[in-house]
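Q: Residues per chain are reported as follows:
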Amino acid sequence: MKPFQVALPSTIDQASKLQLKDASPFMAAGTDLLVRIKDYVTVPDMIIDLKRIDGINGITSDDRGVWLGALTRMHDVAVSEKIQQGYPALAETIRNAATPQIRNMATIGGNICQQPRCWYLRHEGYSCAKNGGSGCWARDGENEFHAIFGNKVCAVVQPSNAAPVLVAYGAVIEVQGSDGKREIPAGEFFVTPEQDPRKDVDLTSGELVTRILLPAENRTTRWGYSEAREKQSFDWALASVTVLLDRGGRAGEHRVVLGAVSPVPLRRKDLEKILAGGAVDGDRISSLKKKVGEGATPLSGNGYKVQMLQGLIGKAVRQASGQKEG
Amino acid sequence: MAMNPESGLPDEQREKVSRRTFIKGASAVAAVGVVQIPGAAAGIDKAGVEPDILGPGPVSIRLRVNRSDLDVEAPPSTTLLDLLRDHHGLTGTKRVCDRGSCGACTVLIDGRVVDSCSMLAIDAIGSEITTIEGIGTPENLSDLQQAFIETDALQCGFCTPGMVVSCTALLEQNPSPDRDQIRQGIAGNICRCGTYQNVIEAVEYASRKGGK
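The listed protein sequences correspond, in order, to chains A and B.
Mapping to the numbering used here: the first sequence position 302 is 302, numbers consecutive.
Mapping to the numbering used here: the second sequence position 162 is 1162, numbers consecutive.
Hints in this document: simulated from the structure, not taken from any laboratory.
Quick caveat, the model's predicted, so the values are computed rather than measured.
Where is the CB? At the ideal position from N, CA and C, for every residue including glycine.
It is possible that part of the hints are untrue.
Here are a few chain B residues that face chain A, going by a calculated C-beta distance under 7 angstroms [stated by the list, open to error]:
hint: 1; residue: Pro1051
hint: 2; residue: Asp1052
hint: 3; residue: Pro1075
hint: 4; residue: Thr1106
hint: 5; residue: Ser1118
hint: 6; residue: Met1119
hint: 7; residue: Asp1123
hint: 8; residue: Ile1125
hint: 9; residue: Gly1188
Chain A with its partners taken away, still in its complex shape:
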């Protein structure tokens, strides 16, 4: 690892100005950034360590809902009573993410801003659409963990387990730079390669995630989350399905969001419509299974994700509707 400077801003404004000056990367916990530096994927002269900034750590609530400070550790989100009671799918996905060590270190803000885990993107020897070159090595290369939806320009998958769940709950991402604050719906925060292959999330230079709002009106008790991995500990999802039924207690307002199958969390309104059609029974689950792979453009090595989604959606919907595992 090439030695670098470490800037220790104590305010968001200081952090923002430092990044505007010379585009140095922000570091929250560093569990993602330090790995990229060690692998010479990123070779910064300076990093901006955000941990000494006040006011963006911890969980609070007000009449708008529950606010997660960006520096809140994943473990603390997962064990929070406010989250377990109001937004249980979020607690569930984080409880199983990564390892105890990583959950004690990694922050929720860093989690949603981490770089995708594409092995070409994270190899110093490859240039692609996402890191300033052109094309996508995974499309004709090794792609078993890559995207099956929206993968024409770049086939990365969004790596955060929490991201699809945040989209399902209609979370709001609060970001701040030296020009002030913005609030971005989680569903628009993640940027598709078609919009801009260089970006993972909707942050401009100098902007950082400060808080995440889980809206009070979207507290939901009928939820399902299912995920498949190669191994049970320390692995990323191969595919995940988040289902919220009657979100916020509003009959017929359902959410279905797929994770790890496209460059951004994939909300599926067509599947939500099927759920809205009536009681969750065998026929409805069959329709969901038939429909979930629609629009997929699998690559040479990841067609299995379509079948995987068919299994996962049944599981998540049954969990959400309180039925026994079939």
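We have chain A already, so just place chain B on it with the hints.
A: Structure of chain B alone, referenced to chain A:
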């Protein structure tokens, strides 16, 4: 001549010096002339308009490790793991993947397990750090370490310090974990010999004895 990017030494020269001698020698040099800059490394000068910018050269870092204050001069880009091993000689904490994937470098920060390879040492300033050396010594093993011996919970032994640290934290939080909870507790520690079953038995053994 091939230069090693990390040590800045030519590879040929580097091979002649044993790694251990080189590191011990380097720490001895660094120990001379330690200058404490109060607050600078900790970034506590909140009143300042300009943020602290450290490095890339060595800065004074004071860490609280195993209930003692340890002072060292090291670049701010040094990971906690490298600082513990290379500057403090606490080589019980192992450097294996160096990517937060294997858990061999597990230490406790304020009682919580972390991968010391995946954080900067300066971010541990002000915290209570416990390494395997702080859990027990060969003369005075912890109950859990004794349980590892009784249940034969190690083969090559390289993952063992990390395993012991993780299991110690687990028993601290949950003195009688069931097998599932133990599996979750060691989910971040990889044993390439595959001794997981005996590690689980060691935790159960220590738990039955009411020890940690």
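Q: All hints, please: hold or fail.
A: We went through each hint and held it up to the structure:
no.: 1; hint: Pro1051; result: holds (4 angstroms)
no.: 2; hint: Asp1052; result: holds (4 angstroms)
no.: 3; hint: Pro1075; result: holds (5 angstroms)
no.: 4; hint: Thr1106; result: holds (6 angstroms)
no.: 5; hint: Ser1118; result: holds (5 angstroms)
no.: 6; hint: Met1119; result: holds (6 angstroms)
no.: 7; hint: Asp1123; result: holds (6 angstroms)
no.: 8; hint: Ile1125; result: violated (10 angstroms)
no.: 9; hint: Gly1188; result: holds (3 angstroms)
Of the numbered hints stated above, the single one contradicted by the structure is hint 8.
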